[in-house]
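Novice: So you can see what is in the structure, the chains are spelled out below.
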Amino acid sequence: MQTLEGQNILVVGGSRGLGFGVVEAVVARKANVTVVARDAARLAELKDHLGVSVIAGDATDPALAESAIRQVRPSVLVLNAGATPAMAPLHKQSWQSFSRNWDTDVRATFHWIQASLNAPLARGSRVLISSSGAAIDGSPLSGGYAGAKRMIWIMAGYANGLANELDLGIRFQALVVRQIVGATELGRAAAEAYARRKGVSTESFLAGFGRPLEPREYGEHIVTLLTDPSYETAQAFAIRGETGIQPLER
Amino acid sequence: MGELAGKNMVVIGGSRGVGRCVAEAGAKLGARVLAVARHEPALRDLARNAPAIEVLAIDASRTGAPSKVFGALVPDILVLSGGAIPLTAPLHEQSWREFAANWECDVRIAFHFCKAALSRPLPVGSSIVLIASSAALSGSPLTGGYAGSKRTQMLIANYSQKESDRLGLGLRFVTLAPGIIPDSDFGRVAVNAYSSYLAMSASEFVRGLASPPTSCDVAKAVVQLSLNRCQSNGQMYIVTGKGFEPASLCKW
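Note that the protein sequences, when read in sequence, are chains A and B. Residue 58 in my numbering sits at position 58 of the first sequence, and the numbers go up by one each step. If you want my numbering, it's the position in the second sequence, counting the first as 1, plus 1000.
Please note that the accuracy of each hint is not assured.
So the derived label-pair ranges between C-beta atoms look like this [claimed, not checked]:
(1) B:Ser1211 to A:Leu166: 31 to 39 Å
(2) A:Asp58 to B:Trp1252: 28 to 36 Å
(3) A:Asp58 to B:Asp1059: 24 to 32 Å
(4) A:Arg211 to B:Gly1168: 36 to 44 Å
(5) B:Gly1168 to A:Glu203: 26 to 34 Å
(6) B:Ser1211 to A:Asp167: 31 to 39 Å
(7) B:Ala1199 to A:Glu232: 47 to 55 Å
Capping the alpha-carbon separation at 20 Å, the derived lysine to any residue pairs in SDA-like fashion look like this [as the list claims (entries may be wrong)]:
(8) A:Lys30 to A:Arg196
(9) B:Lys1162 to A:Thr227
(10) B:Lys1162 to A:Val200
Hint data in this document are derived by calculation from the structure and do not stem from the laboratory. Fair warning: this is a prediction, and the values are worked out from it, not measured in the lab. For each residue, glycine too, the CB sits at the ideal point set by N, CA and C.
The task is simple: from the sequences and hints, build the whole structure.
Specialist: Okay, structure coming up:
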């Protein structure tokens, strides 16, 4: 798509963190933006300040996915909903805390992918799915987070296979942020845990990633991914403060 | 005396497939072997055919399973081979429960037993061998959350090794990644699903696989890695019909 102006963009998990950075960036491009999140009070703020439409609900609810897609008819769906993992080494986790990101992030992604394929979204639609650099490097203090994020990346591939087979013209793309983002709640919690383990300050730990990635800047990268035709086909992208966007697979 | 004489071996999922081959190979080489599985009939069959092998019927994915198992036998070699057979269907035809079957079984088993190995801890020098799958590296579009679950098992082994090293526990965690094993129950299911998807016969599909391992090939790899103590801590190995070789998870 050459411009985002007038495009219907649905951001699931867009009230905070990186998802909010995406919302700000696409609002600035005059897209018609709808935000799905659980926190109704926060959504009311977003509605007032940014003029976006809002849907309050649990992203892991398949009925919500189906009705939101029917209602909004998005040409861009950004799947960013996820839980903040419990930070502790494996043997200090409970099965429940270990599974948190599977039960939230993977489950939500699973239902929204299904709803996208079943609706189906219009030809030429894009679905951006939040994986993580942890899916490559692992994340020993975050329970099942890295495995869950890997599953999400793998699912983007499965969804593309089905979209091709069914000739739907929908493209699923995984986003892999290759650094801990200190400005988000999740990134902050992770950075604090890893810094403590290494015996360094959170700030110096974060400095090890080089140039920080701010949520709004991340949003600008998403705008570029959507509007620059050279990013139309790759199935996954690495995103970093230092190096920007880099396709990860053919 | 066999090469494993004096060793205690516990095999989770020891009544069928790869687990059964491992249990039988272990017993043959002189280890004291405890085979653990959910289904009593298969365990009874194993006990009848291999009387030297001890058996325990228990659901290994339950929180309390490790203490019951280690109460029966504290292993020098713990092999985690049990798991669910996933529904074979494309992503949009699965329910969430079906999609999550391997997470709720295979990953649970790996989590509880690796956690127990670190917390108890198992004796210095013990090996914990997880049987994952090369689907963790290449994906498996018809088996729901199987590939991500197997990936998570590899990560669990990797994290556990780091934790053992940090705490100086002297444990060794190793993961095996075999491709489709056509002679196992799940292998047969996978072969049928993928061959019918590709509109070819099962035997044609198997002929097209690059040296697929048998259950016993995987068991051989387990035994050799349990014996060989050199530089393999935390390592992942790809297993084919030709043998096994180390691979790096980060490169996949």
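Novice: Against the earlier hints, flag every one the structure doesn't satisfy and list their numbers going up.
Specialist: The structure conflicts with hints 7, 8 and 9, although it agrees with all the remaining ones.
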